[in-house]
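Those sequence lines, one after another, are chains A, B and C. Residues 1 to 334 (my numbering) are what the first sequence spells out, left to right. Residues 335 to 609 (my numbering) are what the second sequence spells out, left to right. Residues 610 to 866 (my numbering) are what the third sequence spells out, left to right.
Because the hints were derived from the structure by calculation, they are not lab data. Heads up, the beta-carbon is just placed ideally off N, CA and C, and yes, glycines get one too. Hints are not guaranteed to be accurate.
To be verified - Not the full set, but computed from the structure, chain B residues with beta-carbon under 7 Å of chain C:
id, residue
1, R508
2, L510
3, S516
4, P520
5, A523
6, W608
As the list claims (entries may be wrong) - Here are the computed distance ranges between Cβ atoms for each label pair:
id, chain 1, residue 1, chain 2, residue 2, range
7, B, S588, A, G110, 24 to 34 Å
8, B, A593, A, D77, 34 to 44 Å
9, A, R196, B, L605, 35 to 45 Å
10, B, L605, C, S767, 24 to 34 Å
11, A, K332, B, S546, 22 to 32 Å
12, B, G370, C, L660, 34 to 44 Å
13, C, D730, B, N509, 23 to 33 Å
14, B, V362, C, S767, 26 to 36 Å
15, B, L550, A, S163, 25 to 35 Å
16, B, S546, C, A789, 52 to 62 Å
17, C, A789, B, P507, 44 to 54 Å
18, C, L660, B, L597, 38 to 48 Å
19, C, L670, B, V362, 56 to 66 Å
20, B, M410, C, Q738, 49 to 59 Å
Here's the letter readout for the chains.
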Amino acid sequence: MRGIARAALACVLMVASGVIARADDALKARIGVLRLSSSAPVFIAQDKGYFRDAGLNVELKFFDAAQPIAVATTAGDVDFGITAFTAGLYNLAGKGTLKVIGGMSREKAGYPLIGYFASNNAYAAGLRTPKDLAGKRIAVTQVGSSFHYSLGLLADKYGFKLSDVKIVPLQSLSNAAAALKGETVDAALLPVSTARKLMDDGGAKLLGWVGDETPWQLGAVFASPKTLTNTAMVTRLLAALDRADREYHDVILAAMKDGTVPINEQTKPLLEIIAKYTNLPLEQVVGNCAYIDPDGKLDVKNVDNQIKWLQAQGFVDKGFDAEAIVAKDFVKAD
Amino acid sequence: MLDRAPQRAKDDVSAETRPVAFRGAGFVPGASRFGGWIALAVVIALWQLAGTARLVNPLFLPTPLAICRAIYQLAMSGALWQHLGYSLMRIGIGWLLGTAFGIAVGFAIGLSTLARSVGITFISALFPIPKIALLPLLILWLGIGEEPKIATIALGVFFSTAISVYSGVDAVPRNLIRMAQSFNVPFAAIVRRVIWPGALPSILAGFRITASVALLLVVSAEMIGAEYGIGAFVLQAGNLMQTDQLLAGVVILSLFGLAIGKLIGLLETRLLHWR
Amino acid sequence: MDLIADHISHCFGALEVLDDVSFTVRAGEVVAIVGPSGCGKSTLLSILGGLLQSSAGQAELRGAPPAGSLNPLTFVFQDFALLPWSTVEANVEFPLLHTPLSAAECRAQVDDALRRTGLTDFRATYPKQLSGGMRQRVGIARALAVRPAILLMDEPLSALDSQTRELLMEDFIRLLADGAMGAVYVTHNLEEAVRLADRIVVLSRRPGRVREVVTMPMTRSERGSAEWRGKLLAVQNDLWSLIRNEAIDAEREVQDA
Numbered sequence: 001m002r003g004i005a006r007a008a009l010a011c012v013l014m015v016a017s018g019v020i021a022r023a024d025d026a027l028k029a030r031i032g033v034l035r036l037s038s039s040a041p042v043f044i045a046q047d048k049g050y051f052r053d054a055g056l057n058v059e060l061k062f063f064d065a066a067q068p069i070a071v072a073t074t075a076g077d078v079d080f081g082i083t084a085f086t087a088g089l090y091n092l093a094g095k096g097t098l099k100v101i102g103g104m105s106r107e108k109a110g111y112p113l114i115g116y117f118a119s120n121n122a123y124a125a126g127l128r129t130p131k132d133l134a135g136k137r138i139a140v141t142q143v144g145s146s147f148h149y150s151l152g153l154l155a156d157k158y159g160f161k162l163s164d165v166k167i168v169p170l171q172s173l174s175n176a177a178a179a180l181k182g183e184t185v186d187a188a189l190l191p192v193s194t195a196r197k198l199m200d201d202g203g204a205k206l207l208g209w210v211g212d213e214t215p216w217q218l219g220a221v222f223a224s225p226k227t228l229t230n231t232a233m234v235t236r237l238l239a240a241l242d243r244a245d246r247e248y249h250d251v252i253l254a255a256m257k258d259g260t261v262p263i264n265e266q267t268k269p270l271l272e273i274i275a276k277y278t279n280l281p282l283e284q285v286v287g288n289c290a291y292i293d294p295d296g297k298l299d300v301k302n303v304d305n306q307i308k309w310l311q312a313q314g315f316v317d318k319g320f321d322a323e324a325i326v327a328k329d330f331v332k333a334d
Numbered sequence: 335m336l337d338r339a340p341q342r343a344k345d346d347v348s349a350e351t352r353p354v355a356f357r358g359a360g361f362v363p364g365a366s367r368f369g370g371w372i373a374l375a376v377v378i379a380l381w382q383l384a385g386t387a388r389l390v391n392p393l394f395l396p397t398p399l400a401i402c403r404a405i406y407q408l409a410m411s412g413a414l415w416q417h418l419g420y421s422l423m424r425i426g427i428g429w430l431l432g433t434a435f436g437i438a439v440g441f442a443i444g445l446s447t448l449a450r451s452v453g454i455t456f457i458s459a460l461f462p463i464p465k466i467a468l469l470p471l472l473i474l475w476l477g478i479g480e481e482p483k484i485a486t487i488a489l490g491v492f493f494s495t496a497i498s499v500y501s502g503v504d505a506v507p508r509n510l511i512r513m514a515q516s517f518n519v520p521f522a523a524i525v526r527r528v529i530w531p532g533a534l535p536s537i538l539a540g541f542r543i544t545a546s547v548a549l550l551l552v553v554s555a556e557m558i559g560a561e562y563g564i565g566a567f568v569l570q571a572g573n574l575m576q577t578d579q580l581l582a583g584v585v586i587l588s589l590f591g592l593a594i595g596k597l598i599g600l601l602e603t604r605l606l607h608w609r
Numbered sequence: 610m611d612l613i614a615d616h617i618s619h620c621f622g623a624l625e626v627l628d629d630v631s632f633t634v635r636a637g638e639v640v641a642i643v644g645p646s647g648c649g650k651s652t653l654l655s656i657l658g659g660l661l662q663s664s665a666g667q668a669e670l671r672g673a674p675p676a677g678s679l680n681p682l683t684f685v686f687q688d689f690a691l692l693p694w695s696t697v698e699a700n701v702e703f704p705l706l707h708t709p710l711s712a713a714e715c716r717a718q719v720d721d722a723l724r725r726t727g728l729t730d731f732r733a734t735y736p737k738q739l740s741g742g743m744r745q746r747v748g749i750a751r752a753l754a755v756r757p758a759i760l761l762m763d764e765p766l767s768a769l770d771s772q773t774r775e776l777l778m779e780d781f782i783r784l785l786a787d788g789a790m791g792a793v794y795v796t797h798n799l800e801e802a803v804r805l806a807d808r809i810v811v812l813s814r815r816p817g818r819v820r821e822v823v824t825m826p827m828t829r830s831e832r833g834s835a836e837w838r839g840k841l842l843a844v845q846n847d848l849w850s851l852i853r854n855e856a857i858d859a860e861r862e863v864q865d866a
């Protein structure tokens, strides 16, 4: 009996001292993130200790889809989320459960990320440029996804109606790739990581990159309103990310040629960090580096455009705009 | 010989009598006719109250009213019938195909040594494969039209049916088959008049399972580029985080499940009245 | 038509159940097979009726079956073996469906069988609604419908209570009285054997061999009268003394197993 009491007391003391020690220590923050190179600055900041330098004890929680990160942030399972904008994310943000606090990856000319791909048959039949996509059957993962929106932007750019295109939602990248390879769709929008193998096997033809056609703000850093009350934590996190953004931009993006990063003394350490966190070989990382603004800026105008477009399609509830979901105290607008 | 119990000298008839205490109470739960419905109503009412009182975030758990509203809007816009129509068509054709092949293979396994050794191996090997894992392959083989959607449902239904049919055939009393043989009844007639009706109870029990399987798989099936369908609707609502729509779709699916359950219940009372 | 057991032996794997069993059932004759439990009585009947292939020896028929017999060797089963999803009428009709009989002939045949077993009023009922005795009457009606030459009865009364047994026994005696139909009657009940049979084949315990064939000292029609009661009881006691020790051993064996 006494033994148990003593053990319990020891436990209490240990927990108590832990709490005290942590209070002295850095602020604890959990970040939900995908194992994609579009989150490269997060990996760099974590690996090179920028979060620690800023007084944060960061734990990365890895997810396998964008949507669950938004849900987890809303539910308080993670303090911050870093991933792409989706209709689901906007619907959560529109209900006031999420705020955008900073920019992340962008579609930008010269930085291949999402591409338009044609099936071999469609290519042979004359589908050669993104402009020709009007009137075709095109596979995307989900309605209201980044891919769907990219297609909407393309339609606006070339003046065809999105309703002229037959959108085929296949729920997963592997399904979309299979449909393209199996010639059951004319084209698909795929990220370069998925499409690389398909192109190498001769299963599909590249028509162009979204970044070259219609640049837009793809990803962001966001947090729940509860996290935002902890101003110190948010400021420190954004500062650390800024530092990593700048380094990523100056070392990796500045060195990029023809969509590929050369492996040299400067780039190699950072590329290795990205390779480590994304579980990809170095050779694949070099061709798969998203553009990220060196100052962590967010293209608020584009975010507003995204919301309006998704609202017009009926994928996002009406009655709010970018203003309502952006935390102006923290965001640096373009 | 058994010893005779010693006789009491005199029974005391003047003493008072007392009733034997009843001690057989309890342990016989009766099914109340309305109990289940009342419980359901109470739960729904509490749920609505919790939502109205803002005890739970309506995003995480939309209130029953919000779900009803979503269903109502869906029905009014006409989209509901379109979704239901497509899903019914896929479930119907997929289920019929899967059931037809399942019954044929189940009977073959139940009746032939060769089919049994081959069939059971294959079924054991293929049954546990999650059909969703096969979607990319199905798309490669069958494209993204109705075929892979129907095939997904048919595959799921096929395995369950084949298993319930052959275990049903196995369960037909051997003495009935011997009886038929003793009257020189030909093989085909034994199958038709003895084995089929004998296996029918477990075949119908299998129908209950495969009907649910078909409903489960319609969501997977409609992952394959479906524009309409309850499954596609649920998926889209999930993708867009429209939780009230999502639950509306789920409610429709479960109502559908209830309706099919009732239908099979009717079929059972009609076909198995002899039990 | 005679049914001949010609040196029949049978094994289930390593277990020897019948050893060189031979006897003949003559046309219209009722032969009872008795013996301790597990001596292979039912196995023997299955072999005689062509439902089981013997390991050695065989069952043989001699002479033509009587005209109009649709199924010369017809079983009556211990567990009745009725189709639970069919009415009494459909159960009786079942063996006739694949015969060349016309629908009208079928109906006549079924009606006749139902009448002879007193089931006419029950034709539309299902087996589960009937008592055990009535169910076995359905089994008998089904057998009668195909006009058998020899009934192969496998403990037809053992699943029934004693009063029902008595009533059905009277039915059997009546049905077999005219000698138009023979029967092989497997039972462990010696009283049934002595009341019904012309001859009684006594099998030894496993592996079953023919220990004795007892010919009843009176005709079947004589047995109803009171003066023969004592005589029947004496035969029954003789049979019991033949079997008793074997029955004790057999019972021990079963319990050891």
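Okay, the hints, checked on the actual structure:
1. Given hint, B:R508 at the interface with chain C, is violated; its Cβ is 10 Å from that chain's nearest Cβ, farther than 7 Å.
2. About 6 Å separates the beta-carbon of B:L510 from the nearest beta-carbon of chain C, less than 7 Å, and the hint is met.
3. Interface hint status for B:S516: upheld, as the beta-carbon distance to the closest one in chain C is roughly 4 Å, under 7 Å.
4. Annotation: interface hint on B:P520 holds; nearest CB of chain C at approximately 6 Å, less than 7 Å.
5. Below 7 Å, beta-carbon pairs count as interface contacts, and B:A523 has one with chain C at about 5 Å; its hint therefore holds.
6. With its C-beta approaching chain C no nearer than about 4 Å, B:W608 sits inside the 7 Å limit, and its interface hint holds.
7. Separated by about 51 Å at the C-beta atoms, B:S588 and A:G110 break the suggested range of 24 to 34 Å.
8. Hint check: B:A593 to A:D77, Cβ distance near 38 Å, so the stated range 34 to 44 Å holds.
9. Checked against the given bound of 35 to 45 Å, the beta carbons of A:R196 and B:L605, roughly 57 Å apart, lie outside it.
10. Separation of B:L605 from C:S767 is about 33 Å and conforms to the stated range, judged on CB atoms against 24 to 34 Å.
11. Take A:K332 and B:S546: their Cβ atoms lie about 53 Å apart, and the range 22 to 32 Å is violated.
12. For the pair B:G370 and C:L660, the beta carbons lie near 50 Å from each other, so the given range of 34 to 44 Å is not met.
13. Checked against the hint of 23 to 33 Å, the C-beta distance between C:D730 and B:N509 comes to roughly 27 Å, which is consistent with it.
14. For B:V362 paired with C:S767, a C-beta distance near 35 Å keeps the hint of 26 to 36 Å intact.
15. In this structure the supplied range 25 to 35 Å holds for B:L550 paired with A:S163, their Cβ-Cβ distance being about 32 Å.
16. At about 58 Å, the beta-carbon gap between B:S546 and C:A789 stays in the expected band of 52 to 62 Å.
17. Range check, C:A789 to B:P507: Cβ separation about 32 Å, and the 44 to 54 Å hint is violated.
18. Roughly 41 Å separates the CB atoms of C:L660 and B:L597, a value that falls within the hinted 38 to 48 Å.
19. A C-beta distance of roughly 59 Å is found between C:L670 and B:V362, which places it inside the suggested range of 56 to 66 Å.
20. Distance hint check for B:M410 and C:Q738: the Cβ-Cβ separation is about 53 Å, which falls inside the suggested range of 49 to 59 Å.
The structure fails hints 1, 7, 9, 11, 12 and 17 (numbered hints given earlier, in ascending order).
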